Every structure is written in C-alpha cells, then in structure tokens.
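Student: Residue numbers (the working numbering), protein chains in the order written: chain A, 1 to 484; chain B, 1 to 483.
Simulated from the structure, these hints should not be mistaken for lab results.
Nothing here was measured: the structure is a model prediction, and the numbers come from that model.
It is possible that some hints are incorrect.
[Claimed, not checked] Listed below are several chain B residues computed to face chain A (Cβ distance under 10 Å; list not exhaustive): (1) 157; (2) 163; (3) 443; (4) 445; (5) 448.
Quick reminder that beta carbons are idealized off the backbone N, C-alpha and C, glycines included.
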Amino acid sequence: MTQALHIFRKDVRCFRYELSVIGALTVAFAWSHVAADAPGVPELSRAVILAYVTSVLLVMGWWFLVSQLVHEEALAGDRQFWITRPYSWKQLLGGKLLFVLAFVNAPLLVAQMAILAAAGYSPLAGFPKLLWMQFAASLVLLVPAFALATVTRSLARVVLSVLCAVLCLYFWFAGQSLSIDIFTSRWTNQAAAMAVICAGAALVVRWQYSMRRTGASVIAGLCTLVLAGALYVYLPMTLRCVVQSWMFREPEERAVSVALGQPLASTLEQAPSAVVLGLPLAVTDVPTGEVAEPDIVNLDIEGPAGARWSSGWTWYNDVFPRAATAAYWHHTFFERAFYRRVAGGTLRASLYLGLRSRTALAVLPGRATHLPGGGYCEISTVDKAYAIFCSSPFRSAYDRVLSPNRIVYHPLYHALGGIDQSTSEELFSRWESPWPAEFALSPVFTDGFRCAAGSAISFAREDPRAWVRRDLKTTLHLPPEPQP
Amino acid sequence: MTQALHILRKDARRFAYEICVLAALTAAFAWSQIVNDVYTAGALSDYVRLAAAVLPLAWWYVISLLIHEESLIGDRQFWVTRPYSRGSLFAAKALFVVLFMNVPLLLAGFVILAAAGFQPLVYLPNFLWMQLVLAATLILPPLALASLTRTLIQFGLTVLGGLAGYIGMLLVIGGVSIGGHQVYQSNGLAWASGIASELWLAAPALLILLLQWSTRRRLVAIGAGVALFLLLDFSQSSLSWRTGTVVQSRMFGERGAESTAVTLNAGDVTPDSWAGTHEGVALAVGFRVIHIPAGETAAPQIIEMTFEGRRGARWSTGWTQVISSEADVFQKDPVPDRTFNWWQRVVVDRSFYQRARSGPVTIRGSVYVMLNARRGFGLPENRTTAVPGGGLCHVWSRPRFGQFVKCLAPFHLPFSASDGFPGSQWKPVRLLSVWDSPLPANLGMSPLSTMGMGSSAEGFIFLRYEPRAYIRRPFEATNVRLP
C-alpha cells in the first residue's frame, strides 16, 4: 500500500495542471446544471446548452486524464523506465485506481450532491442512488478508457483508436440500413453488453498489468467489443424475458389469466396475395390498479397434412387497451399458398406479458404536484399556452406525452411543433429496469413542453411488478382461406 | 515549392492511417446528411449529430500531429538542423490541410447538395465562402494552438483548459441566471455578430501563426495573439453592429420610408414584467413606429437610449439589441393604421435610477428599423414547391397525425420561425422566412439546412419577408417620470 500511495502522490504532482482543468470543468458542470434545472429555463437557453457542453467536455477530460495517467507508466512496449524498478503491478494498479477514485469519482459525487441540493432534494436521502450512478458512470465511461489506455502507447494512439471505433459504429449502422436504434435499447441488452465490456476490460487491464501481453489484450478487447455490440442489439428475446421474469416474479400464482379466442382470417386490399390471421387474446383477472401488456409471442401452427410453421418469438403487434379485462389482437401475415396448406390445422401460442402497477394523478395549474417516487410537475401559463415543467431526481419524470387521439412522442414532435388542439395530455412514465437510477452524470432530470391552455394534464406512472409467461394449450382450428 | 511538395509527400506517408480515417469520417458525415430526415427520431438524429461533431475533432487531432511533426517549440527538433525553409514548411502544412480536410469536405458538400436535388456548381461561390469561414473558425485556431505546443497532450490540455476557462467566464460574467424567463429579441444583425465572432477567432490565430512561424518566439506570439483577442472582444459588439448597420443601410436605403418615424410618449415607461438584476432596475419603455409604408412590416433591430435626469445625471444603454419581455419585436402582419408597438426592456443602473426617479427625466436616442415587404402563398399538399430564398418545401399528411412539411435550403435556413405553437390562433400554420444575411452562406459543415413542422390538417402558408428599407430614426421624450 505504501508503494501505491507513493505512486499516487507522484501522479498528483505530475498531473496538477490536468487536475486543475478537470476540477474547473467539474465546477462548471455543476453550476450549469444547477442553472439549467430551474423552472422556466427555455429549452435552448445558454444554461441548458452549457449543461450539455460541460457534460461532454467533462467526459472528454476524464478520458484524457485516464489515458495520461496510465501512459505515465505505459504498459505497451518494452522500453519503459518503470519496469526496471521494483514496482509491484498490484501496487501500480492500486495507485492508478486510487487516483481515479480521488480525482474523478469523488469530485463528481460532490457535484452531483450539489446539483441535488440546489434542486431542493436531499443529497443524503438519495446517497445510495448516487453511489449507483457513480458505479454506472465508472463502468460505462471510465473502465473502457482505462482498458484502452493500457493497450496503447500514447494519446495519439488512443484518439486514433476512438476514431476508428466511431467509424466502425458508422459502418455497422449504415449496414443495418438505419433499421436499428443503436442509441436506445432495453435495459437487459444494455446490462448484458455492459457486463461483457466490464469483464473484458477487467481482463485486459489484469493481463496488461500482470503480464503486459499487448497483442493478446488487443485481441481480447476487440472480441469483447464485438460480443458486447452483438448482445446490445441481438440479445435473444426469450433470454431477455427470462431475465425479466426472474427479476420481477409473480407474487401470487396465476394473478392474470389469458385465453385464446377463435382466430379470424381476412385480407388486405393493399396485399391481396396475403392472408391476415387475427388472433384474439383475452386477458382477465388483472389486479386492481395494475395493467397487463403482452410483450412477445410465439405461434405454432400444425396443418392437417403435417405441415408445420412456427413464428418464433416476435414482438406483440397491436395497441393495448388499458383495462382489467381486455381483448388484444395479434396479426400475422401468410402467403395464400402456404395458408391453404395449414388452413384447418391447429394453433398453439405462448406469450410473455408484463404486469405493471399504475399510479395516475391530475396535474393542476398554479401549484406543484408531487410525483410518486420523488419530483414534481407544475403548470404555468406563458403566451396563452400551458408550459408544463417537471423535475425529478435520479430518473426522468416522464418518458412521453400521450394525447387522446394520437401518441405524440417526447421530445421530437414537440420540438417540431407538431402538436396543437389537444384538450388533454397525459405525462406517461414507464420504468422498465430494476436499477435505482438512470444512467446520467447529473442526478436531476427536468422536462418540459407546452400545450394549449386549459388542457387537462394528468400524470401516469407504471412500475414493473411481474413478468409472466403463459403457454396456451388450447387447440384451435384455423378458419378457411378468405377470398380477396 | 519543391521542398514544400517534398514535405507534403513525407507527411502524407507519415499520416496515411489518419488520412484514411479522415476520408472515411468525411464520407460518413456526407452519408449522414444525405439520409437525414427531420422526422426520423432517435438513432438517425443522434448519428447525424455524432458525425458532425466527430469530424472537426478528428481535424484538430490530425492538425496537432501534423504541426508537432516539425514542432516549432523548443530547440532540440531535428528539422532546425536541416536546410528547411520555414516558408516551405508552412506551405506544406497548409497544403496538407487544404488537400485532406477542405477538399474532401467540399466534395462531400457537392454530393450532399446533388443528392437533395440541387445543382452544386451553381453554388460554387457559396461553397468557397463556407470553406473560408470553416477555415477561419475550425482550422486556423487549432493550427495556431498546435504551433504553440510541443505535443498532443499539451494541445489537448490547452483546449480543455481554454474551454473550461471560457465556460467559467460565461457562467460568471455572462450571468446564467437561476430561473428563466421568455424574452423576445431582434435577430436582425446576427450575421454581423457572426462575422465578428469568426474574425475574433481567426485574426488572433492568424497573427500567432505568422509570428510563430516567422520568429519561433512563443511568448511574443502568445502575447500578440491575446492582445488582439482582447482588443477584438472589447470592440466586438459595437464594431459588428456599426458595420452591419452601414452595410444594411447601403443595401436597402430609405426610399419610400421618409415619413416613417419612431415615437415615445412620456407616460409609456413602466416596470418590466421580468424583474431586474442586483445592479439594475428593469423598465419597459413603450415605442411606436408610425407611418409604415402600406403593406409593409417593421422589425426594429438595435437601439441606443440615453436617460438624462436633473443636475446633469446621465445614463446611457449604448447600442443594444431590441428586446422585450412582453411580445415579439418582429412585426409579422401589416396593420391598417400602419404602426408597430413594442415595449423595450431596459435595465437601468440602480444608482442612477435612485437619483433620477425623484424628478423628470429626458429619454432620447435612436433606433434602426428594417421595413419588410411581405409575400405569402399556400404550400400545396403532396407537391414539392420552390420557395423564396432558394429552398424547396414538401407537404404531406399522415392519418391521425395531421399534416407535415419538410423544407430544404442550400446555405441558409429555409424558414426561421413559425406560428405553429400550441394554442396559436393561426390556422393554417405560417412558416416565416426572413431575410437574415447578405453573406453567401451561414456557418456550418453541411451546405444543406433541413427543417420540418407538423400541424393539424389545415395546411401551411409560407411567408417571406424581404427587406425594403433600412432606416435610423431618432426619438425623444421629455418630462418622463420613472416608475
């Protein structure tokens, strides 16, 4: 430990200028977020822009600092001075980690507490969540930077590697024909990718510090990135649902009943060569105050002549009425020739559905409405329109705004001005993951939008309660092929 | 020149990987702009932003490596012992930047415009202006910084430190207030401020480059650069506005607006609806533009006011933007009585206010007003319509969502504002396109600007405001009682 502290002190002296810059950026980050989180701050105000810019610069500063820190006793190459000294690799690694904790994590924690306090929330009450945010920020932002620095010799190599990684991301994205949203994903995919990245990064750091096998470490790092990317995008649906079922177990057996109705076959004018099979699902016995929503479904069809077809697990594809007893429709398209082979056959279905507890309340103008789980929303009248402002610690107050006749997603359509004439708006919040806080640098989340004055504003939050699988054994006869 | 080409070839070999990465990033940027659609949420918009942000960062990185290859700082460099002409060295580096940064971006711009249905060669002067501005803002400063540093680490630390200091200055001096308020302000001379900002970045950078490459005296170069930077910063706003008003006055003149005047009544001074600052008291001063030519609208741009109290007490705002807490300061519609009113927000120095409020005050000054001729037309559905200003707009409808419009324009915004806010009385939605600059191009990496708008299914009207006259008018009110 003495050696680690010795290295730590040496690094502090060596990087005093860098530390001053990071300190200044952390202060600017906290200050601008405090200013940007206040009610009534316009969306593109200087405070909001500075809050965004300082966050980006702070992360860039961390990457710069971490790469410098590791390169001070570079691990790639064989001409370093330090390998001729009696350095223990564990002490060296300990010294570096201590430096990161002291000059990256600790200042960030202080800044986050200041932001929370300035927004009127108690930092001490949210301390466990703050620690979680630190952990998440370290995993996502610092561990990869640390691992990259261990396999490179200089800052120029780090920058070139990052640029190449960005290019790979571009090409992969272009190859997907824009069909995949790579910047948002389900929490299970994110967790799987992050677990792989952390394991890979830890392996690379361990190998480099203990054995300095740069070639093997680079290969391990690349494999880690490919595997993490694949998991992030292609994590099997069933695995995702199994994890969710394990995390959110059914408190009581068979809380919800699902029954299959008689399928209906129809045609579409736009696609006369296809048959649309509509499968009605009736969900009953949903507990009071909760909503059930099918997530993925698997259909197996067996034709009279032994022809078989399976949909595999696919997303459930209809809109969901919110009621204790509800009928849902799942639609599947078949080519007519194939449908003739399976018509009159039997059908079996399996599905996963999410059960969520729902809390709803009205948001009234002129006073702050406190939200479940912390935070508040308030309505003021600006330019003859309602300006809604919501603030919430550790997670967004709402995900999107639902209007009665259409879904207006937040924030794009509001930014485009594509809303008007609605007489009621629902601030809808759904929390899918079991994590105590969202991944972000600032612990305070603010949202706002405008709508016509006099609109009825409500707030609804759905928290996951159970994730259940139902296998429907009912055997049904498919209807005859409809005529176009 | 032979030596310059020799150094260029050497650098091209040395930075072959970096050049490939730059080319690929430029291609990715062009592709992102081509597939960009304002109505595609999520991944694509993030991708477009990322592509536009990463390319300049990559430029800075390569510029730093390029200059540090023959570092100007220190006295142990290999190249000072060789028969290198500094002119050739500088020419080689400049040629490298032009060849591997400017030219690829120019080609990318051609492709972006062509893909959107515009003829790129028609816009060659605009492209060249855009390249000039980009060189001034994104290439000269890192070139200067790299010539003052020894390594990429020093370069990175200086950039981060400089940005941290600048942000700190904005936070402390600029006064990011806790708690916000909607204000309306004129945007008429933004182009002049933009030019000044570009000059403010480019001129000190150029001076540093010249001094450093000619003398290799770092402290002298830094001192001269900082001095010029502060000098420009000090004179920036007034200089840019003065230049802007002169240019606009020469361009548009006063023809037909000789009788237009600006008036101020002694009773039209009230407390502003938005509170003042610790140092100042916020007042709203009511102005009225009268005798506006028929069918035209007024847009006051900058104003200068002097308050004179008893016993020689005097306080002046200096030239400042027209700003109001009450309503828009841009007149959108001509009115039958041919007038336009606005409440100017003024934060009066608190000590002057305390001294002057007990007696009558005289307010005098002058204001620059743009008079615009307006023309408008409906945008038909399911058709692409050419709009004034050189853009194209396409309108379509989606069941349950209403109508949408997407407008493209080369080198300028297709429209700058709309009436499509919630609760608006305007149905259909009006897209307001205002002449905003005599310059061939706005600052940006892409030559194409895309904007979109949604509304209920009642269509869109495109309104174009063309400047007709630019006037300066004095005003005076005596025996004013401060509230």
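Student: State the violated hints by number, sorted upward, taking the hints as numbered earlier in the document.
Tutor: Checked against the structure, the hints that fail are numbers 3, 4, 5, while the rest are satisfied.
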